[in-house]
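Here is what each chain is made of, one letter per residue.
2 protein chains.
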Amino acid sequence: MEFYIPTKIYHENCAVLNHSTEIASLGRKAFIVTGKSSAVKTGALNDVIKALEDNDTGYILYDKIEENPSVETIMEAADIGREGGADFVIGIGGGSPMDSAKAIALMVQNRDTAEEVLYQELKIKALPVVEVPTTCGTGSEVTPYAILTRNDKKTKQSIKHNVYPSVACIDAAYLKCAPVSVIRNTAIDALGHLIESYFNKNATEYTHMLCQYGLRTWAKNRTVLYDGKGFTDDNYNQLLFASTLAGMAISHTKTSIPHGLSYYMTYNKNIPHGKAVGMFLPGYLLLMQKNFDQGYNDFIADMGFKDLEEFKIFIRHCFGEYIITDKDAIKMVQEMLANPQKLSSVPYKISEKELQEIIEYAR
Amino acid sequence: MEFYIPTKIYHENCAVLNHSTEIASLGRKAFIVTGKSSAVKTGALNDVIKALEDNDTGYILYDKIEENPSVETIMEAADIGREGGADFVIGIGGGSPMDSAKAIALMVQNRDTAEEVLYQELKIKALPVVEVPTTCGTGSEVTPYAILTRNDKKTKQSIKHNVYPSVACIDAAYLKCAPVSVIRNTAIDALGHLIESYFNKNATEYTHMLCQYGLRTWAKNRTVLYDGKGFTDDNYNQLLFASTLAGMAISHTKTSIPHGLSYYMTYNKNIPHGKAVGMFLPGYLLLMQKNFDQGYNDFIADMGFKDLEEFKIFIRHCFGEYIITDKDAIKMVQEMLANPQKLSSVPYKISEKELQEIIEYAR
Chain A
12 MEFYIPTKIY HENCAVLNHS TEIASLGRKA FIVTGKSSAV KTGALNDVIK
62 ALEDNDTGYI LYDKIEENPS VETIMEAADI GREGGADFVI GIGGGSPMDS
112 AKAIALMVQN RDTAEEVLYQ ELKIKALPVV EVPTTCGTGS EVTPYAILTR
162 NDKKTKQSIK HNVYPSVACI DAAYLKCAPV SVIRNTAIDA LGHLIESYFN
212 KNATEYTHML CQYGLRTWAK NRTVLYDGKG FTDDNYNQLL FASTLAGMAI
262 SHTKTSIPHG LSYYMTYNKN IPHGKAVGMF LPGYLLLMQK NFDQGYNDFI
312 ADMGFKDLEE FKIFIRHCFG EYIITDKDAI KMVQEMLANP QKLSSVPYKI
362 SEKELQEIIE YAR
Chain B
12 MEFYIPTKIY HENCAVLNHS TEIASLGRKA FIVTGKSSAV KTGALNDVIK
62 ALEDNDTGYI LYDKIEENPS VETIMEAADI GREGGADFVI GIGGGSPMDS
112 AKAIALMVQN RDTAEEVLYQ ELKIKALPVV EVPTTCGTGS EVTPYAILTR
162 NDKKTKQSIK HNVYPSVACI DAAYLKCAPV SVIRNTAIDA LGHLIESYFN
212 KNATEYTHML CQYGLRTWAK NRTVLYDGKG FTDDNYNQLL FASTLAGMAI
262 SHTKTSIPHG LSYYMTYNKN IPHGKAVGMF LPGYLLLMQK NFDQGYNDFI
312 ADMGFKDLEE FKIFIRHCFG EYIITDKDAI KMVQEMLANP QKLSSVPYKI
362 SEKELQEIIE YAR
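Residue numbers (the working numbering), protein chains in the order written: chain A, 12 to 374; chain B, 12 to 374.
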């Protein structure tokens, strides 16, 4: 078994300002990558700019990362970063800006390459990356992954390169102004990472430890997530911590079926990532129940639910209604069967019928 | 809170040979650092040499590291490594060669510096280090620490620099020919790391996770450790895994009183490190019992003992008789009171009387 998480993680109040010297030491000019609003609203962008200015470090701001960022956006941003002379990248936001930061760090560093490189098996280096999460789900601050929208393939897909962030600054203050829907979506994305990593062919004692502790930490927040209110600093810190542990776990195991199925729903039905993952989690657990007696029971207990039915009700309550048509179901199974990487994460050989069952349980 | 473990850890059968290309990629000429016999007996040295030769990488062998290596030995080895043109270091063995590898990597890289540099607060770099443990206690394969014997100060002390190994190759096969006394000593050293890290001022949720999982893994081996026989591959793997987790934990918290006290007993009474630590563990737990009700009870249960008395009997059984004279007790308290770093790891302000109690409980 392997363990490799080279990122320096700071999880504390004022993490960015407390470690400004270290952040600024990564280069002379930062390329700051954000979405359209949350980096400003949360105060995270302000903190990052202050950290850089305090250390006389220049920066370029790129604030046009869309949700589920496309390869085209990455290439546009990389052009700007390259022309501006950026020598390190700071991603601020949820998974979209943080994943983008990694892909941009690759494309700025390898200036003479075309976008195809992102999905080719090559050994190329990236600029150093700092990540500042403002949601509690993706774990992107510690994973080497960057999931981009590929319009050429009409889906989302992780790039072929591992870009581990150098530094992650995690501060619960940035979660405070997030809408409940974002907290729920992202917290359930993190739960998805824990579930898919726990029941995974690549699971090890290391990932088991991360999933078990992450799940127990996550479970403390079940009630506030259900109620959609009453979040304290402790809740925000626990959800962020669970999300980072989950990120460490999938860094080793990769995700599995629910993530694989979610990409279709997000690309074609515009359903937010966490919700698109969450809808398939009960079905994945249903399958695991049939195959992993003891492991399954321990897992459900750690998750803080009485049984699968209660978890299904929780998911429905958090996400409300959604529609999966017969056509969607057929297409998703086809897409899934053509995705050997996600299939190979399942701890046993999953059949087409079982894929259909997972989707059926979500309808 | 922080988390930082940049070492790439491979824990598997044939770890060295499986990852020979990666090991060899760290330089052109390796400086292999071992003790006098175990690297040969275990087969680890053979594997390392084969890994290098398979990749046309040169090496110099230095096999004169003594137990509790001195600064003088480090300087002698560094001279040889420097003259031979080594550009990375491989430590094979228990804590002594693995810690030495880190200190040598510093002194070869910084060729114009004297030994004083080891204990000065300076920013200096080290050559890349690979660690191959042949015991199950030190955790040195993942810690940044190197504890050396300082004859000038008549004790052992960690150098002032953090040298994180680049790669750790952990293979249970190397434990198979270790004497029971070495397995016990080192397993109890790892237990010391778990105890001292759990009850520690610098403890975080990350170290709590590592200690809890490490302790439960360690506890599965209580019976074979007590019996001193019947060790299976599973036992060796679990003890190595617990030891690595414990190393990750102290990398963040540092060790505390039992380690601090042990240095005197090792330097002056020639007592092996694990035994010298182990004799003070019951006394440290006695103090924690008074101060941390719930945390203490959970901890003892995870450790697999009914109560402190049972643990004390276990320690006595594993180590047999030893003598701590009145003079030793007085000297140890004096040395401890002059060690602000170890004192500051205790989760509350410990008194001179309490230090005496820990020692008294060991007699």
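Hints may be right or wrong, so weigh each one.
Same chains, same label: a pair holds when it works inside one copy or across any pair of copies.
Claimed, not checked - Taking lysine-lysine pairs in the PhoX-like style, the calculated list, with each CA pair at most 25 Å apart, reads: (1) K301 / K360; (2) K19 / K136; (3) K134 / K187; (4) K212 / K19; (5) K75 / K19; (6) K342 / K165; (7) K301 / K171; (8) K342 / K134; (9) K134 / K231; (10) K134 / K19; (11) K47 / K317; (12) K171 / K19.
Just so you know, these hints were derived from the structure itself, not from any lab.
Going down the list of hints, with the structure as the test:
When the C-alpha separation of K301 and K360 is checked against a cutoff of 25 Å, the pair qualifies only within one copy, where the shortest distance is 13 Å, while the shortest distance between copies is 53 Å. Proximity of K19 to K136 under the C-alpha cut-off of 25 Å is found in both arrangements, the shortest distances being 19 Å within a copy and 18 Å between copies. Taking identical chains as interchangeable, the C-alpha atoms of K134 and K187 are never at most 25 Å apart, the minima being 40 Å within one chain and 38 Å between chains. Proximity of K212 to K19 under the C-alpha cut-off of 25 Å is restricted to the inter-copy arrangement: shortest distance 21 Å between copies versus 28 Å within a copy.
Taking identical chains as interchangeable, the C-alpha atoms of K75 and K19 are never at most 25 Å apart, the minima being 27 Å within one chain and 35 Å between chains. Proximity of K342 and K165 under a CA criterion of 25 Å is satisfied intra-copy only: 12 Å inside one chain copy versus 73 Å between copies. For the homomeric pair K301 and K171, neither the shortest alpha-carbon distance inside one copy (33 Å) nor that between copies (54 Å) is at most 25 Å. Proximity of K342 and K134 under a CA criterion of 25 Å is satisfied in neither setting, with 34 Å inside one chain copy and 57 Å between copies.
Taking CA atoms no more than 25 Å apart as the test, K134 paired with K231 passes in neither setting, with 42 Å inside one copy and 42 Å between copies. Proximity of K134 to K19 under the C-alpha cut-off of 25 Å is found in both arrangements, the shortest distances being 23 Å within a copy and 18 Å between copies. Proximity of K47 to K317 under the C-alpha cut-off of 25 Å is found in neither arrangement, the shortest distances being 40 Å within a copy and 58 Å between copies. For a Cα distance limit of 25 Å, the shortest separation of K171 from K19 qualifies both inside one copy, at 23 Å, and across copies, at 20 Å.
When each numbered hint is compared with the structure, violations occur for hints 3, 5, 7, 8, 9, 11.
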